[in-house]
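Protein chains in written order, with the numbering used here: chain A, 1 to 304; chain B, 1 to 304.
Don't read these hints as lab results, they were simulated from the structure.
Treat the hints loosely; a few may be bogus.
Unchecked claim - PhoX-like, lysine-lysine: derived pairs with alpha carbons at most 20 Å apart:
(1) B/105 to B/78
(2) B/184 to A/105
(3) B/78 to B/115
(4) A/275 to A/121
(5) B/184 to B/230
(6) A/115 to A/105
(7) A/184 to B/105
(8) B/230 to A/105
(9) A/18 to A/275
(10) A/230 to B/105
(11) B/60 to B/40
(12) A/275 to A/115
There are 2 protein chains.
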Amino acid sequence: MITNLRQMADTVRSSGIKKRIAVAWAQDPNTIGSLHRAVKEGFAEAIMIGRHEQILATCKETGADPQCFTLVESPDEKSAAELAVSLTRDSEADVAMKGLVGTDKFLRAVMDREKGLLPPKTVMSYACAVEIPAYHKLLFITDTAVIPFPDLDQKVAMARYAVEMARRFGIEKPRVALIGASEKVSDHFPNTLDYQEMCRMAERGQIPDCIMDGPVDLFLACDPESVRIKGVDTPLAGDADILLFPSLESCNPFYKGLMLFGGGELAGMICGTSKPVVLMSRSESELSKYYCVALACLMASQKT
Amino acid sequence: MITNLRQMADTVRSSGIKKRIAVAWAQDPNTIGSLHRAVKEGFAEAIMIGRHEQILATCKETGADPQCFTLVESPDEKSAAELAVSLTRDSEADVAMKGLVGTDKFLRAVMDREKGLLPPKTVMSYACAVEIPAYHKLLFITDTAVIPFPDLDQKVAMARYAVEMARRFGIEKPRVALIGASEKVSDHFPNTLDYQEMCRMAERGQIPDCIMDGPVDLFLACDPESVRIKGVDTPLAGDADILLFPSLESCNPFYKGLMLFGGGELAGMICGTSKPVVLMSRSESELSKYYCVALACLMASQKT
Numbered sequence: 001m002i003t004n005l006r007q008m009a010d011t012v013r014s015s016g017i018k019k020r021i022a023v024a025w026a027q028d029p030n031t032i033g034s035l036h037r038a039v040k041e042g043f044a045e046a047i048m049i050g051r052h053e054q055i056l057a058t059c060k061e062t063g064a065d066p067q068c069f070t071l072v073e074s075p076d077e078k079s080a081a082e083l084a085v086s087l088t089r090d091s092e093a094d095v096a097m098k099g100l101v102g103t104d105k106f107l108r109a110v111m112d113r114e115k116g117l118l119p120p121k122t123v124m125s126y127a128c129a130v131e132i133p134a135y136h137k138l139l140f141i142t143d144t145a146v147i148p149f150p151d152l153d154q155k156v157a158m159a160r161y162a163v164e165m166a167r168r169f170g171i172e173k174p175r176v177a178l179i180g181a182s183e184k185v186s187d188h189f190p191n192t193l194d195y196q197e198m199c200r201m202a203e204r205g206q207i208p209d210c211i212m213d214g215p216v217d218l219f220l221a222c223d224p225e226s227v228r229i230k231g232v233d234t235p236l237a238g239d240a241d242i243l244l245f246p247s248l249e250s251c252n253p254f255y256k257g258l259m260l261f262g263g264g265e266l267a268g269m270i271c272g273t274s275k276p277v278v279l280m281s282r283s284e285s286e287l288s289k290y291y292c293v294a295l296a297c298l299m300a301s302q303k304t
Numbered sequence: 001m002i003t004n005l006r007q008m009a010d011t012v013r014s015s016g017i018k019k020r021i022a023v024a025w026a027q028d029p030n031t032i033g034s035l036h037r038a039v040k041e042g043f044a045e046a047i048m049i050g051r052h053e054q055i056l057a058t059c060k061e062t063g064a065d066p067q068c069f070t071l072v073e074s075p076d077e078k079s080a081a082e083l084a085v086s087l088t089r090d091s092e093a094d095v096a097m098k099g100l101v102g103t104d105k106f107l108r109a110v111m112d113r114e115k116g117l118l119p120p121k122t123v124m125s126y127a128c129a130v131e132i133p134a135y136h137k138l139l140f141i142t143d144t145a146v147i148p149f150p151d152l153d154q155k156v157a158m159a160r161y162a163v164e165m166a167r168r169f170g171i172e173k174p175r176v177a178l179i180g181a182s183e184k185v186s187d188h189f190p191n192t193l194d195y196q197e198m199c200r201m202a203e204r205g206q207i208p209d210c211i212m213d214g215p216v217d218l219f220l221a222c223d224p225e226s227v228r229i230k231g232v233d234t235p236l237a238g239d240a241d242i243l244l245f246p247s248l249e250s251c252n253p254f255y256k257g258l259m260l261f262g263g264g265e266l267a268g269m270i271c272g273t274s275k276p277v278v279l280m281s282r283s284e285s286e287l288s289k290y291y292c293v294a295l296a297c298l299m300a301s302q303k304t
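The shape of chain A in the complex, shown without the other chains (with noise of 0.2 Å):
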């Protein structure tokens, strides 16, 4: 079982994985750092979209080899978004990641149903690992960037996809927390219900391969100590794995909250694309960067 993000990039890293990484709108220095590292420790290839020149002079900046790099040409944003993609697409690539193109654009090229990534009636989501001194294991959460509100098939395609991405770092069956601000299922709080229904498609095997309870509150999730006095009998028992939250509004301000007054750190990726999609914000850090290439050549190596 995989408990930090380092041990899950060393894990790729000794397993001979090698997988192959279209970026788009390559230029960014974080990024080139990022993959850089990658292709040096052996388990990527980069093929770095974007103008020539800009890439070469970020290389030189950055004190990046661009021999270690395909190099592609591309105009502008949209063009090398594309591209990206539909290397990805035709197998050229195993890996579509955003450089320094904006997100939307690099979404729609994704969702494009003609030439994008996304199977027809696949729901998108996104699922990190996030690594927090203050516990003693990973936290896998869901949805910290893509669905707003999601409904009750949105909730269950999102909890599906952080149960397979918590079984590749070896949790066999993951503990799933549904969160809510209690554990009162209540008409006030119309996600409870959903929760509610979650619970029993987990007990019929319709959400397989977990341990899933909810509505819970963090603490009754991730708090040993606050199961006992509150005396609530949740399978659970303060050991999540995985944390699914009931809208963006929520997830988001928690998982930044972690990583600014936690000391967190991270690896995401998109999930329901039918390969894996890196996408990032332009101020992430390049280990985050690294950590996000490694879990995406991670989940694009064969299933085990």
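Given the structure of chain A, go ahead and fit chain B onto it with the hints provided.
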């Protein structure tokens, strides 16, 4: 300016404030311990409502001197809650506090139209001051506990209460961050439309004494480095005092994350009532309850 909770309690202690707290169903050890300390330190008098026998037994158990308290016999939770509220309403006490009574029963007494503490048509909300080692000052957060999905009027009231609280900590013009998943106003996130309106109201002086901006994500609110990288021109400048959240499902896991993973400590209270009301979870620590009592005494004292 008060920048941590220890300093807040010290300020109350050294200011000559002395307030009377009426505690409903007062027999649990944390409640008795926290009030014992507040009474010993001279800023509170405590009217402990409940079964004498049980209160005396807990005093013995915890080493608290029962002579510090005024004991008032009450046969059950409901009567105890009603009595704590009516004593406060009739100015026999300055603060009403929940002991071991259930939250629902306690709030019913507080919200009673005839005998309660909530003026007609007043929004009731909850605000707390959170101390986190990784932030350079207190963060005031609302609403962690009461309003599930606040509408515009409720959000405005939440902002006003939090501003009033922050100003009592010596922050003359607190910076209010209206928290979303990003800085974009969008129909897909109806709360961001309320935020837009609130910023206009703040500019017009309808929400006075504050610097307000939103929607912003947590990074723009609390991290100057993110403000610089993203190039967003916000008067918050990554130095927010107050975080207003779009829903209870958003605020509740956020503050619990700070407690559990960020080493946080808090003091909170009900806002909107005619007198301060202290309401905490049974599982809160003695120190948290002590800070809540100190906060209520501060807020009950003459406005400066």
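Can you name, in rising order, the numbers of the hints this structure does not satisfy? When the structure is compared with the hints, none of them turns out to be violated.
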